[in-house]
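Protein chains in written order, with my numbering: chain A, 454 to 809; chain B, 454 to 809; chain C, 454 to 809; chain D, 454 to 809.
None of these hints come from the bench; they were simulated from the model. Take these hints with a grain of salt, some might be off.
Simulated coverage check for chain B against chain D, where a stretch passes if three residues somewhere in it have a Cβ under 8 Å from a Cβ of chain D [what the hints assert, rightly or not]:
#	stretch
1	708 to 717
2	794 to 803
Over the 10 Å line for every Cβ pair with chain D, so calculated as not near, a few chain A residues [as the list claims (entries may be wrong)]:
#	residue
3	L537
4	A540
5	A642
For every residue, glycine included, the Cβ atom is placed at its ideal position computed from N, Cα and C.
Protein chains: 4
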Amino acid sequence: MNYADYLKLGTLLSLQDPESNRKGKPAHDEMLFIVIHQAYELWFRQILYELDLIQDIFGGRVVDDADLGRAVNAAERIVRIEQLLVAQVDILETMTPMDFLEFRDLLMPASGFQSEQFRLLEIRLGLKREERLPFNDASYDASLEEPARARVRAAEERPSLREQVDAWLSRTPFVDHGGFHFRDAYARALEEMLAHDMKQITDHPHLSQVEKDVQLASLQKSRAMFDGLLDDARYEELRAQGTWTFSRRALQAALFLFLYRDEPAASAAFRMLKALMDIDETMALWRLRHALMVSRMLGRKVGTGGSSGYDYLRATADRHRAYNDLFAIATFLIPRSALPPLPEDVRRAMRYRYEA
Amino acid sequence: MNYADYLKLGTLLSLQDPESNRKGKPAHDEMLFIVIHQAYELWFRQILYELDLIQDIFGGRVVDDADLGRAVNAAERIVRIEQLLVAQVDILETMTPMDFLEFRDLLMPASGFQSEQFRLLEIRLGLKREERLPFNDASYDASLEEPARARVRAAEERPSLREQVDAWLSRTPFVDHGGFHFRDAYARALEEMLAHDMKQITDHPHLSQVEKDVQLASLQKSRAMFDGLLDDARYEELRAQGTWTFSRRALQAALFLFLYRDEPAASAAFRMLKALMDIDETMALWRLRHALMVSRMLGRKVGTGGSSGYDYLRATADRHRAYNDLFAIATFLIPRSALPPLPEDVRRAMRYRYEA
Amino acid sequence: MNYADYLKLGTLLSLQDPESNRKGKPAHDEMLFIVIHQAYELWFRQILYELDLIQDIFGGRVVDDADLGRAVNAAERIVRIEQLLVAQVDILETMTPMDFLEFRDLLMPASGFQSEQFRLLEIRLGLKREERLPFNDASYDASLEEPARARVRAAEERPSLREQVDAWLSRTPFVDHGGFHFRDAYARALEEMLAHDMKQITDHPHLSQVEKDVQLASLQKSRAMFDGLLDDARYEELRAQGTWTFSRRALQAALFLFLYRDEPAASAAFRMLKALMDIDETMALWRLRHALMVSRMLGRKVGTGGSSGYDYLRATADRHRAYNDLFAIATFLIPRSALPPLPEDVRRAMRYRYEA
Amino acid sequence: MNYADYLKLGTLLSLQDPESNRKGKPAHDEMLFIVIHQAYELWFRQILYELDLIQDIFGGRVVDDADLGRAVNAAERIVRIEQLLVAQVDILETMTPMDFLEFRDLLMPASGFQSEQFRLLEIRLGLKREERLPFNDASYDASLEEPARARVRAAEERPSLREQVDAWLSRTPFVDHGGFHFRDAYARALEEMLAHDMKQITDHPHLSQVEKDVQLASLQKSRAMFDGLLDDARYEELRAQGTWTFSRRALQAALFLFLYRDEPAASAAFRMLKALMDIDETMALWRLRHALMVSRMLGRKVGTGGSSGYDYLRATADRHRAYNDLFAIATFLIPRSALPPLPEDVRRAMRYRYEA
C-alpha cells in the first residue's frame, strides 16, 4: 500500500490535457478550467455517494432512529461540500474574460449542461422534469449523449429523496397520538389567537371604523393563509396549482417538528429538515455564483453550450429548488405563547426511556 | 492610553438593550439580532470611510499614479469587508424562524430599510434614485426620518464614485495618443475579423445555403452588437434607453484597459475596474444571502418594515447595481490573436521611465 | 420603534475617534484598527451571552434533555462566531506594516492583553490561571485595571463550563446501568483484542524473534496507554501530572458517548462534546491567525503592550486550550468490530419511549 | 467535443476504489478520504503549473514589466487555491475518529508523506533539505519510491523560486540610481532618528538616571538590530547563522520596495512580495489545520505512515517556511515622517513615461 497507488495518482494526474495545447495554441488558463471542473465532478461524485446512504435509509419501510442520525450526518456533510463548491468559484474568478477567450471557442459545443452527475444530483434531490425551466426550446437532457441520457431518465423513474422524505414525514408518530391530533390542536390555537386579535381591534377605543376595517381585512387574509395549510380541501387545491409539492400530512408533520424541535424525539428529524433546507439554499447560492461568474466572463454573449447564459442560470437559482415547501413553513409559525402545549403523554413519548 | 478607553468599550458594550427584556418577555435570540446589526453598521461605517479616501482621489482634476494605488487598496479592502458581511449571514442563520418570532413583533415598524449608512453607500457607489425598484409604492427613503433623509438627499446631489470614475476613464491618455486612435484601430480589427469569418462561411465547401444564411445572420448580429459600443450615435441611442450608463469615452477606455492590462501603465487602472466589479458583485451576493435568509425566517410573510420581503430583496440583487456596464465589456473582447498591436510609441509611453 | 434608535446608532457610530486625528497626524488606517477591534468586542459580548445560557443549563443539578438541545445550539453558534472572528483577520491583513507604523506608537501601552471580555471568555470556558503561559514575568491580568481585574478574578472563583461539563458527564446514566459497567466491558474488549494480537505475533510463522519482540513491545505500550485511561490509580497519577484535566468518570463517560453516539440518547451529548472541541479548535485557529498577523505587522519587534509578540501568541494557540482531554479520547477508540455490544436493556433505555 | 470527453470523466470517476470494499468490510467514510485526497492532488497539480509560469518568468535574465504582472496574477491565484485547501479541511472534519478507525489500518503504511507533488511544491517554493525538521530519524524523502524520489531530488538541484526572486530583487534598478544609494540614505535617516531619540532621553527633565539608562540601552538594541540588516559584515555573519536566507542586496531591495510601494514602478514588485508572503502564510495555515485535524482523528496515536503525528506537523507549520525573511522586514520599517524622501530623478524614473 502506497499513497500514489492508493489514490491512483498516475492516472489521475494524466487526465489534464488542454485542447489549446493539442491545437498548438497553448492558453495558460485552460489548465485551471480543466482542473476546477474535474474537482467539481469529484465532489459531485461524493455528494451522490452520500445520497446513496441517505436514500438507503429513507427508502426503507421504517427509519431507525440510530440510522436517522447517520442520515443527518451525511446530509450535513453534503452542505459542507456544497459550501466548498461555492468557494471554488473564487478561484475561477481569477481567470479574466480575456484569458477565457483564448480557448473558449475550442470547447464548443461542450458545456456544463452535459454534466450527467449534476443532473443525477438534481433529480435525486427531488427536482422534476416538469418543474425545470425551458432552455433554448429543448429539454434539459437534449445535450446529453447516450448512455448518459438513459441513466438520467432511469433516475427520474426512481423515488427521489423528496418523495422518500414525504413518506417518512407522513409517518411521524406524534402528530396523531392517543387523543392528540396536532392539526386540530393547532387550528384551535390559531382560532383563539385570531379571535383575540379580532376582539382587540373591534373593541379598540381609538381606532376609526375605516382603520378597523383595514386591520380586520388583514386578519381575514391571515386566516385564509392558514387554511391553505390546515384545510384538507384547500391544501389539495393549492397543491394542484403547484403552491405545495409535499403531501398535506408530510407538511403538517414538518410544521409539528419545527414547533416542537426541542423535544428529544423531534430533534434529529428537525435537523434533517434543516439540512435539506441548507442543501437547497447552498445549491441556489452556487447557481447564483455560477451565474454571476458567467456574466463576468461572457458579458452578454451566449455560453459554449449555446445557453443564453446569465439569465437562464440566474433563473434556475430561484426555480430549480426541491424544498421550497420547507421554507414556506416559516409562514405558519406562531409565537410560543400561543402554541398549544403538548399533552403530557405525547411529551413523555418523545423522551428517552431511561428517564424515570 | 488603555485598551478599553481607546475603544470606548464602556459605552460600546452598553448599547445592547433587547426590547424583549424591556417588555418583560425576554427572547434569548434578540441579543444576536442586535449585535449582528450593530456589527453591520460598524462595517458600513468603515466602507464609507474608505469611500471618502477613494472619492477624494477620484474627485480631483487628476489622479496621481501613486494615489491610484492607494485607491485600489482601499477598494480591495471594501471587497474584503463585503465578503465578511456575506459570511456574517451564516451566524444569523443559526437563529430559527421560531426564535425570531419571539421578538419580531416588538420591532415593528423598524426595518433595515431605515439604515442611513446603507443608503449612503448605495448612493455614493453610484446607484441612482431612478434606477431603484419601486417598493410598496413609496420612494425608498420614505421610511427614513429627518435629518437622515436630508443627508441622504444631499448625498444624491454630490458626484458619485461612478461619475468620478467615468470622468477619470474619459481622460485615459493612451486611448488617443499621437496618431493612434484606439476606437478606430479596434473597429478595423473587428472589421477584418468579421470579413475573414464571412469569407470562411461563404466559401465553405460543405455548408448548404440555408446553413450559410444562419451563420451569416449570426455574424450580422455580432456586428450590430459591436456597433452598440463603437458607433457614437448608436451608443448614445442605447444609453438613452438605459443599456449603457457610462459615457462612451469612458467605456471605450475601460475596454482598452481590459485589453492591454498587462502594460504597466494600465495595470493599476485595470485593478481599479476589477475592484469596482468585485464591490458590485459581492454587494449583489450579500443582497441574495439576505433575501434567502429572509425567506427562511419569514416564509411568505411580510418584513417588519412592511416589505414584501424576499421578492423585493431578491430583485434588488439584480437591479441595484452600479457597475453593470463594466460586466458588459466582456461582450466586446476579441482574442489576442485578432487584437490590434499597440504602436511602439504608445507601448513605450505605458512603460516606466527607468527603462533605457 | 425606529432602526437607528433600536440599535442606538447615534452613539455607536460616534465611538470611532482615531488617536492620530487627535494628535493632528491623521493615519488613514487607524479607523480600520478601531472598527475591527470594536467588532471583535461586540462578538465577544455575544459569545459571553451564549455562555450565560449554556452555563445556566449545565450549572443546574440536572440537565433536562430539551435544554441540552438548546445548549448545543448555543455552543454551535459560538463556533460560527469564532469562525467569523478568524475570517475578520483577512480584513486586518489589508493593512500593511508601514500603515500600522503610522499610528502604532500612539497606542502604547494599550494592548489587546487588556481585553476584559477575552479574559472572561477564556476563564469561563475553563482555562485556569496555573495553566497559562508566563508572559514577561507578570501574571496575565497585571495589565488590567480595576475594577476589570476584580471582575476577572471573581470569574475565576466561579465554576467554569469545563467543570460543569465534567460534573454532567460524571452523571451520565448509561455508563453504569443495571449489570452493565462500561469501564469493565471496555477493558475486557481491549484485553481480548490485545490477546488476539499477541497470539498472532507469537504464532507468526515468518517473523524472526527480534521482529516479534519489537511488535510485542509495541503491544505492551498500547496496553499501558489504555491503562492510563481505564485504571483508576494510574489515571489519578496522570491527572496529578497534568496529563488529564477531567475527572476519570467524566472522561470515561465521554469515551462511552464517542463510541455509542448513534444511539438516540447519546446523540445530543456527543454533539455537545463535538461543539466544545470545535470551540477549542477554532479559538486555537484564531490565536494562530492573530500570531501570524502580528508577525507580519511587527516582524521581530515587540507588541504595543510590550509582549514578545509572535512567540508568545503562537504558544498560547497550543497551550491555552480547555478541552485537550476530549481530543485525546481519539487515542482510546477501538474499531466497531472489537466494540462490546450494548446489552439490550441499555440500548432500549437509550431509545425514545414512543418506540414499541 | 463533449463535456465528459473533454474532462475525461469516464476515467476520472472510476479512480475511487475503497480498500475497505476490496477487503469486504466496507467503511462508508473511506470514499470521502479518497475523494478529498484526489482533490488535493488535483490542486497541487494546478499550483505546480502556475509555478511553472512564475519560474519561467523569474528564471530569465530580465523580468519584463508586463510579465511581472502575469507572475503576480499567477502567485495570487496560488494563494486562492491554498485558501481552498484550507477550507477543504472543514469537510474532512465531518469524519469522526471512530469512522476513520474503520479503515485506517487498511491504509498502512501509505501516508501523505509520500505525496510527490507536495514535496515538489515545497522544494520549488524554496524549502531546503537542510531546513527541514528531522522526522523519525529518516530523511523526508525516505518513504518515497523511485522514480518519484529521483524526481524530487532532481527538483532540489534546480533553482527554486526563492533563489530566482533573490536574484531578481538584487537587480532592482532604483536601489542604486545616479547618486542615490538607498542603503546609505536609509542608514543616515536611522542615525538621525536615533540621535534625536537619544537627545530627547538625555535632556529629559523628569527622568532619573536609572530610567535614562534603561531607555538608552533599548535604543542601543535598536541600533544593533538595524546593523543586522544594513551592515554588510554583520549581515553575512547573521546569514551564516541562519537568521537570514536571502542575500543582503535582495533583502535591502525588498525593504526599499516595502517603503516606496506607492511609486508606480514599485507597485507590481511589492505585490509580488506580498503574494509570496501570502503563499507562505496560507501554506502554514494549511499545515496547522492539518495538524489539528490529525490530533482530532488520532489523539495521541501515531499516523498511518508512522509519523509522530501532531507534534511533527505542528512544528512544520513554523519551520517549513521559505519566506520568513520577508516577514522580518517589518522589523526594519520606520515611520513615513522619518523616511528619506526619494531624489526627484529616482522618483521620476519610477513613473510612467507618458507623464510630461
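Here's how the hints hold up against the structure:
For the stretch 708 to 717 of chain B, the assignment as covered by chain D holds, since 4 residues bring a beta-carbon within under 8 Å of that chain's beta-carbons and 3 suffice. With 3 residues having a Cβ less than 8 Å from any Cβ of chain D, the stretch 794 to 803 of chain B passes the three-residue criterion, so the hint holds. A Cβ of chain D approaches the Cβ of A/L537 within 10 Å, the least distance being about 6 Å, so the stated non-interface status is violated. At roughly 5 Å, the least C-beta separation between A/A540 and chain D is not larger than 10 Å, which violates its mark as non-interface.
For A/A642, the non-interface assignment is confirmed: its Cβ lies about 39 Å from the closest Cβ of chain D, beyond the 10 Å cut-off.
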